[in-house]
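Peer 1: Residue numbers (numbering that gives the first Met the number 0), protein chains in the order written: chain A, 0 to 171; chain B, 0 to 105.
To be clear, the hints were calculated from the coordinates, so they are not data collected in a lab. Treat each hint with caution, since some may be false.
Stated by the list, open to error - Within a straight-line C-alpha distance of at most 35 Å, the following computed DSBU-like cross-link-like pairs (lysine-lysine) qualify:
hint, chain 1, residue 1, chain 2, residue 2
1, B, K7, A, K115
2, A, K64, A, K115
3, B, K27, A, K114
4, B, K84, A, K115
5, A, K107, B, K7
6, A, K64, A, K168
7, A, K107, A, K53
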Amino acid sequence: MKDIARQSMSIKVESMDMLNAQIKMEAHASATYLAMASWCEQNGFFTSAKFFFKQAEEEREHMMKIFNFLVDTGGSPISPEITNINHDYASIVDVFENTLEHEVKVTKSIHNIVKKARDLGDIATERFLDWFVMEQVEEENTIRDILDMIAITGTEGVGLQMIDNQVAKWIE
Amino acid sequence: MVEIYRSKYYSLHQAANERAFYLDLGQKTVRMSLCQLLSLRHKVLSISIETHFDSDLNKHGFEVLMLCNKEHLFILNTLEIIDLKNLVEHGFVALGLSAEKETIAA
Numbered sequence: 000m001k002d003i004a005r006q007s008m009s010i011k012v013e014s015m016d017m018l019n020a021q022i023k024m025e026a027h028a029s030a031t032y033l034a035m036a037s038w039c040e041q042n043g044f045f046t047s048a049k050f051f052f053k054q055a056e057e058e059r060e061h062m063m064k065i066f067n068f069l070v071d072t073g074g075s076p077i078s079p080e081i082t083n084i085n086h087d088y089a090s091i092v093d094v095f096e097n098t099l100e101h102e103v104k105v106t107k108s109i110h111n112i113v114k115k116a117r118d119l120g121d122i123a124t125e126r127f128l129d130w131f132v133m134e135q136v137e138e139e140n141t142i143r144d145i146l147d148m149i150a151i152t153g154t155e156g157v158g159l160q161m162i163d164n165q166v167a168k169w170i171e
Numbered sequence: 000m001v002e003i004y005r006s007k008y009y010s011l012h013q014a015a016n017e018r019a020f021y022l023d024l025g026q027k028t029v030r031m032s033l034c035q036l037l038s039l040r041h042k043v044l045s046i047s048i049e050t051h052f053d054s055d056l057n058k059h060g061f062e063v064l065m066l067c068n069k070e071h072l073f074i075l076n077t078l079e080i081i082d083l084k085n086l087v088e089h090g091f092v093a094l095g096l097s098a099e100k101e102t103i104a105a
């Protein structure tokens with residue numbers, strides 16, 4: 000019997016499902032960073048706002064990378080529906096702490112897909128995610144560095160202004 | 000045409016010469032590309048069968064299923080949906096595109 004299904008699609012449907020969930024997660028991250036940029040703008044943290052605008056764009060690029068991979072492999076990418084975006088933060092420290100939490104969640108999700116792709120013998124998906132694994136190391140490190148800088152600078156007096164100015168270092 | 004999988008009510012077939020699949024839904028047989036079959040899979044596995052047992056969420060226990068870019072419309076009851084889920088899950092295993100018998104929709 001001619002294997003039309005395999006000729007039309009190079010990955011397993013389980014991988015496709017997990018990658019579609021990841022598309023949604025990246026889109027959610029992009030929308031969350033946009034909300035953070037909005038908060039920063041409204042509260043006078045203009046450099047941090049620029050940082051989050053850039054982060055929002057990057058997350059969308061990640062989403063599109065996965066979307067295009069599903070197109071290339073003959074899968075069915077699903078345009079995500081995004082709801083429940085938090086716009087309320089207690090402080091700039093709260094914003095960056097939430098960012099780190101979000102990045103850790105994304106990392107865990109990527110690692111989970113890699114492990115499952117390995118179990119399925121889906122080498123294409125596993126190799127495709129190599130880039131994301133290393134990207135997440137970089138993303139987490141950036142936010143950790145910013146939180147370290149905040150801890151050293153402190154939030155008293157002109158500390159908040161200094162924090163915002165120093166975030167410029169992490170905008171490439 | 001080769002039969003890929005047969006459930007209680009439905010059957011999935013492959014027509015290699017046409018590079019297409021046929022889904023026999025009893026009252027109608029639908030021709031599908033693999034993309035359309037993937038779309039059907041997504042729709043069927045996204046249906047929450049739990050809502051069929053909650054009259055507030057699904058009063059009549061029916062699902063309206065539109066296939067192939069709204070070319071076909073089906074109204075299926077709870078048992079038919081469960082059977083279609085079964086056909087989709089086992090059909091993709093038989094096609095070699097799924098490694099598991101129980102797939103979870105994204």
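Peer 1: Decide if the proposed pair is consistent with the structure: K84 (chain B) and K115 (chain A), CA atoms, cutoff 35 Å inclusive.
Peer 2: holds, 22 Å
Peer 1: Between K107 (chain A) and K7 (chain B), is the straight-line Cα distance small enough, at 35 Å or below?
Peer 2: violated, 40 Å
Peer 1: Going straight from one Cα to the other, do K107 (chain A) and K53 (chain A) come out at no more than 35 Å?
Peer 2: holds, 22 Å
Peer 1: Starting from K27 (chain B), check that the Cα of K114 (chain A) is at most 35 Å away, please.
Peer 2: violated, 41 Å
Peer 1: Going straight from one Cα to the other, do K64 (chain A) and K168 (chain A) come out at no more than 35 Å?
Peer 2: Cα-Cα ~26 Å, so holds.
Peer 1: Is the straight-line distance between the alpha-carbon of K64 (chain A) and that of K115 (chain A) 35 Å or less?
Peer 2: holds, 19 Å
Peer 1: Would you mind confirming whether the straight-line C-alpha gap from K7 (chain B) to K115 (chain A) stays at or under 35 Å?
Peer 2: Cα-Cα ~31 Å, so holds.
In this structure, the earlier hints numbered 3 and 5 are contradicted, and the remaining ones agree with it.
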